[in-house]
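J.: Each chain, written out:
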Amino acid sequence: MTNLSRVLRILLWLVVSAAIIAAFILSVRVTQPDFIKLVVAAPKARQILPQLFSPELFVRQAITSTMSLAFPIPCGSAEVGQPAESGPRLLAQPPCASAGETFRLRGENFPPNAGIKLSWRLPDQRALSIKRIATDGNGVFELEIQARPIAATKDGKPSSLEVETSLPEGALRPSPTLTEVVNAMFVTVFMALLATTFGTIIAIPLSFLAARNITYRGVLGKTVYFITRSFLNIIRSYEPLVMATIFALIVGFGNPFAGVLALVIVTTASLGKMFSESVESIDPGPIEAITATGANRAQVILYGVVPQIIPDFLSFTIYHWDINVRISTIIGFVGGGGIGYFLSQAINAFQYSKAGAALLAIILVVWALDFLSAEARKRLT
Amino acid sequence: MLRIENLTKVYPTGTVALKDVSFQVEDGEFLVVIGLSGSGKSTLLRCINRLIEPTSGRILWDDIDITAANAQQLRLIRRQIGMVFQQFNLVKRSKVITNVLSGRLGYANPWASLLGIWSHEDRQRAMQALERVGIADKANNRADALSGGQQQRVGIARALMQEPRLILADEPVASLDPVLAHSILQYLEALNRTDGVTVICSLHFLDLVHRYATRVVALKDGVKVFEGLPKEIDRARFKEIYGEEAEEVRATAVEVG
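Protein sequence lines, in the order shown, are assigned to chains A and B.
Numbered continuously in our numbering, the first sequence closes out at residue 381.
Numbered continuously in our numbering, the second sequence closes out at residue 638.
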């Protein structure tokens, strides 16, 4: 007998191990992890990551100055531009060219290490951007430029080469990105606050109906108990992301209201469940004692149950606000509004520096709320 | 006068907690219910104010059939029956005064009480109740900041708020240090002697029974095995109630006159 059970146990052990190994093989096949790709794609990552990690939060006001040099294409179609006598000056070598030829442009006496935007100013005053470069330590730059046919002289008016120097100066100011991020973050935090508030208000009565020790008596009570429980369980099984997508379809993408609606439902479901468990775990003694005084049901709940559950309820609510901020950063991605929506738009527009600012804001706010909610909950018990 | 007639309680699990128990309690008595743990003492007391629904049998109180009362009538009956519990059953996080006031819920305006509004008379009554049990200075403390003996006195003050004609005390001193037993029971005795409140109290220790009971009912496995005066409980009766292996233990070494 013992031998048989021993054999059975070994057999069971083998079957379980085989099942676990099979599950791992299957999961590798399905997810196709490709570590080589991770290495091969490094240049791509090198392009994105620096931008992501250098969010543009503050900018200096820049003083820009422009200087230009007429450049006839082809030669003789207009007068060549003359370099300035002193100060910053531009020299073209040769000073004119035929379409398609290349020439060298040299700038001297510019501010050292300054950013320069180089462009064609076409005869019709349109600008055609060429390149962004920077001057060296001596304020000099030199590069080769192709004389583009589009820059050809027209009606005796030549195109000019235009150099725009911008020098950062003055105090640091919050960048437009930072302002946008802060605004979007406020939207997210308030979304979470509103959703938590409404979710809590709905969850409180539901939690009493779903608490065995309060509702579960008589046929009516048992029916209400099971319906409420099932309702909470069913809506809990829907992911906030799915719900936010549906609501975004209804009220519009990027509308924070979609996110709020999704979060209210998620909050109701999960707080309803947590609250009801808290109600179920209270000390039944005071309920018994207050019932014995001849109090009615509402009085028993208010004097015997409520004081016992207030710390739990507050603590769960604060905790859920914290969770909601975290979720709402994500549901923004599917059109729920707030910082998540901002982030998804920045990524879609390849503005990784903006995306980096959004990520930084999310990390900071989530960390801060996590800390605050932990502190607040510590004080409650 | 309280008449218990053929009271039987069978729990849904099939446990028979009380089997055909009948006895009478005259007004002004201090009736003590004794028996081992699980003998049905708590069930009996809770059947009287129907915190537990009896399976069969009747409980008559001055010709009012408690067992037949509807919800509204039951609340009016309950508010005249104070109850004191082994575990005090205070709301630990609430203030002492709030716990005491909750004893008045059966009389208070339901809407005002739900808003936490109490009349001046009720507040005064609560302070008087606390003074009577000697802890008026603790009124604004949280209930769980008090010692066990003090918490039980809050429990008595809460019962006093009901202006009860009957007090049910379920092992009121079993969770307390034995030396505190008399201090609590003396409050109940004073209520019984000076205010004429009928007391039905379950107790463990025989010396306490001899000291406080005017009459005794003993339960064993849900069956009434003895009813009579405390002095009638001799060794033979004691073995009958508590079983052959039982030895008498004294609650306290303090000698009481």
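Watch out, some of these pointers could steer you wrong.
Straight-line alpha carbon distances no greater than 27 Å define the calculated BS3-like cross-link-like pairs of lysine-lysine that follow [said to hold, decoys possible]:
#	chain 1	residue 1	chain 2	residue 2
1	A	Lys157	A	Lys222
2	A	Lys157	A	Lys44
3	B	Lys476	A	Lys378
4	B	Lys400	A	Lys273
5	A	Lys378	B	Lys473
Just so you know, the hints here were simulated from the structure itself, not pulled from any lab data.
A quick note: this is a predicted structure, and the numbers were derived from the prediction, not measured.
J.: Which hints from the list above does the structure break, by number from lowest to highest?
T.: 1, 2 and 4
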